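Visitor: Whenever a hint applies, use it, and build me the whole structure from the sequences.
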Amino acid sequence: MTNYTVELNNLVKYFGRRLIFDGINFSFSSQHIYGISGPNGSGKSTLVKIIANLISPTRGKVIHKNNLKEIESFKLHNQIGFVSPYLFLYDEFTAEENLLHFSNIRGISFNKERSDFLLNELKLIDRKNDLIRGYSSGMKQRLKFIFALLHQPSLIILDEPTSNLDNPGKEKVYALIKKEAENNLVIIASNEDSDIALCSQVIELEKFKRAIGK
Amino acid sequence: MKAYSLFKKDWQSELRTRYAINALAMFILVTISVIMFSIGSEKITEYLTGGLLWVVIFFSAMSGLSRAFVSEEERGTTMTLHLIAAPSTIFSGKLIFNLLLVFLMNFVITFLFAILFNSFIIKNFTLFAIAFLFGNVGIAISSTIIAAIISKASSKGTLYPVLSFPILLPLILTLLELTKHAMDGNSVSSSFVEIAVLVCYDVVMLTASYLLFDFIWEE
Numbered sequence: 107m108t109n110y111t112v113e114l115n116n117l118v119k120y121f122g123r124r125l126i127f128d129g130i131n132f133s134f135s136s137q138h139i140y141g142i143s144g145p146n147g148s149g150k151s152t153l154v155k156i157i158a159n160l161i162s163p164t165r166g167k168v169i170h171k172n173n174l175k176e177i178e179s180f181k182l183h184n185q186i187g188f189v190s191p192y193l194f195l196y197d198e199f200t201a202e203e204n205l206l207h208f209s210n211i212r213g214i215s216f217n218k219e220r221s222d223f224l225l226n227e228l229k230l231i232d233r234k235n236d237l238i239r240g241y242s243s244g245m246k247q248r249l250k251f252i253f254a255l256l257h258q259p260s261l262i263i264l265d266e267p268t269s270n271l272d273n274p275g276k277e278k279v280y281a282l283i284k285k286e287a288e289n290n291l292v293i294i295a296s297n298e299d300s301d302i303a304l305c306s307q308v309i310e311l312e313k314f315k316r317a318i319g320k
Numbered sequence: 002m003k004a005y006s007l008f009k010k011d012w013q014s015e016l017r018t019r020y021a022i023n024a025l026a027m028f029i030l031v032t033i034s035v036i037m038f039s040i041g042s043e044k045i046t047e048y049l050t051g052g053l054l055w056v057v058i059f060f061s062a063m064s065g066l067s068r069a070f071v072s073e074e075e076r077g078t079t080m081t082l083h084l085i086a087a088p089s090t091i092f093s094g095k096l097i098f099n100l101l102l103v104f105l106m107n108f109v110i111t112f113l114f115a116i117l118f119n120s121f122i123i124k125n126f127t128l129f130a131i132a133f134l135f136g137n138v139g140i141a142i143s144s145t146i147i148a149a150i151i152s153k154a155s156s157k158g159t160l161y162p163v164l165s166f167p168i169l170l171p172l173i174l175t176l177l178e179l180t181k182h183a184m185d186g187n188s189v190s191s192s193f194v195e196i197a198v199l200v201c202y203d204v205v206m207l208t209a210s211y212l213l214f215d216f217i218w219e220e
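Those protein sequences? They're chains U and L, same order as listed. With the working numbering as the guide, the letters of the first sequence map in order to residues 107 to 320. With the working numbering as the guide, the letters of the second sequence map in order to residues 2 to 220.
No lab work stands behind these hints, which were simulated from the structure alone. Treat the hints loosely; a few may be bogus.
The calculated lysine to any residue pairs, modelled on SDA-like cross-linking and capped at a C-alpha distance of 25 angstroms, are [what the hints assert, rightly or not]: (1) U/246 x L/76; (2) L/157 x L/64; (3) L/3 x U/212; (4) U/167 x L/157; (5) U/175 x U/165; (6) U/181 x L/208; (7) U/175 x L/88; (8) U/181 x L/157; (9) U/229 x U/282.
Incomplete in silico selection of chain U near chain L, CB under 7 angstroms [unchecked claim]: (10) 160; (11) 180; (12) 183; (13) 188; (14) 193; (15) 194; (16) 198; (17) 207; (18) 208; (19) 210; (20) 211; (21) 212; (22) 213.
Given the structure is predicted, the values throughout are model-derived calculations rather than measurements. Backbone N, C-alpha and C define an ideal beta-carbon position, used for all residues, glycine too.
Guide: As structure tokens, this is what we get:
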């Protein structure tokens, strides 16, 4: 069992002159599900992108630690599983080809057993050899979960995880999230009540905005 | 190995989408046809043919090589790459892909020049081969880093040649000089300075690209 922690130290983000959030201090640790909520434009996606090292904060620092040892930023990608509506996979490849390429580029051997297990769990096993160009938006969303979980990351970041999913899809995803949270750290950014209901602690981004306005 | 896996993904993707190959093939075909029509039955000098060769190569590189990064940006897969690989892996993978494209493209252009232009006569083939080898490597490195810089810009098509011109100019001028020497039949040793400049250009561009890529890749 890993002890993965993420510390947000006084995070500030501006886009141009527009302040998105200010002074976020928080500590995440594994075996928990955390939520980030707030109205549209409050910076939920920006915050998860900063946590995932996809963009830099204007000020402040994000520290990732695995068993108390800080992880260098260029090694972070293999620790993180990320799902979001603005993440795209390669349309010209089949689901399995996508997963195979991702494993090879990560430098890990392709775990066919785990891939088939996840494809089966998310009801894509029969379509794994179809080009994802022909997938529906819901099927693409399911495939993004497999992309995020295949390499068994310690930190799973889910931005609007249930967008485009039907009810059985949502149930399956919730079950997977709960299972992953037994060992790993899960962060969910969402406005959906059912998504936030999974979380033990929630960061309300709007509060940080109000604090600035004073 | 990770970089090679990224190259394999890009190459397989290219074979399916023909994103860069079609653009390059059409550009080469159209440019050489225009040159042939404009020359007509005129006899052009050897030096001019050598110059035209590198002009065609320069503009072909402009039309096709930016796609290594631009295609990722246009398809929205840049973030996916961020999530699966370190910046150095991404640059190396894209560089291998562009190296292959440059060598393929320049072999075709040089072959077409050799069969279509009577005045394209290389007397010292070894010298030309050295220039061709290091020139292609230089074009691939420069094009890859410039492609990474412009991929996030809104006017990619304009920015690419504008940025490429000052960066590729010293390389193209050296290559023109070496091609002239090869056409004159000069020895490799007498062209040592130009070859050294070419090798230095490649080393400087490669080092600078690896150092800069982290900053370019970070949003």
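Visitor: Tell me if residue 180 of chain U is really an interface residue toward chain L, meaning its C-beta lies closer than 7 angstroms to one of theirs.
Guide: 4 angstroms, holds
Visitor: For the hint on residue 211 of chain U, just tell me whether its beta-carbon gets within less than 7 angstroms of chain L.
Guide: 5 angstroms, holds
Visitor: CA of residue 181 of chain U to CA of residue 208 of chain L, is that 25 angstroms or under?
Guide: Judged against 25 angstroms, a Cα distance of about 21 angstroms means the pair holds.
Visitor: Less than 7 angstroms between beta-carbons is the criterion; does residue 194 of chain U satisfy it with respect to chain L?
Guide: Where the cut-off is 7 angstroms and the nearest Cβ of chain L is about 4 angstroms from residue 194 of chain U, the hint holds.
Visitor: Would you check whether residue 193 of chain U satisfies its interface hint, that is, whether its CB is within less than 7 angstroms of any CB in chain L?
Guide: 6 angstroms, holds
Visitor: Are residue 175 of chain U and residue 165 of chain U close enough, with their CA atoms no more than 25 angstroms apart?
Guide: With Cα atoms ~23 angstroms apart, residue 175 of chain U and residue 165 of chain U stay inside 25 angstroms; holds.
Visitor: For the pair we were handed, residue 246 of chain U and residue 76 of chain L, check the Cα-Cα distance against 25 angstroms.
Guide: At roughly 15 angstroms apart (the allowed maximum being 25 angstroms), residue 76 of chain L and residue 246 of chain U satisfy the hint.
Visitor: A closest beta-carbon separation below 7 angstroms is what the hint needs, so does residue 208 of chain U meet it against chain L?
Guide: 5 angstroms, holds
Visitor: With 7 angstroms as the cut and Cβ atoms as the points, is residue 183 of chain U at the interface with chain L?
Guide: 6 angstroms, holds
Visitor: How about residue 210 of chain U: closest beta carbon in chain L under 7 angstroms, or not?
Guide: Nearest chain L Cβ about 4 angstroms off; hint holds.
Visitor: Within 25 angstroms, alpha carbon to alpha carbon, are residue 167 of chain U and residue 157 of chain L?
Guide: 33 angstroms, violated
Visitor: Holds or violated: is there a CB of chain L closer than 7 angstroms to the CB of residue 160 of chain U?
Guide: Nearest chain L Cβ about 5 angstroms off; hint holds.
When the structure is compared with the earlier hints, violations turn up for hints 4 and 8 and for no others.
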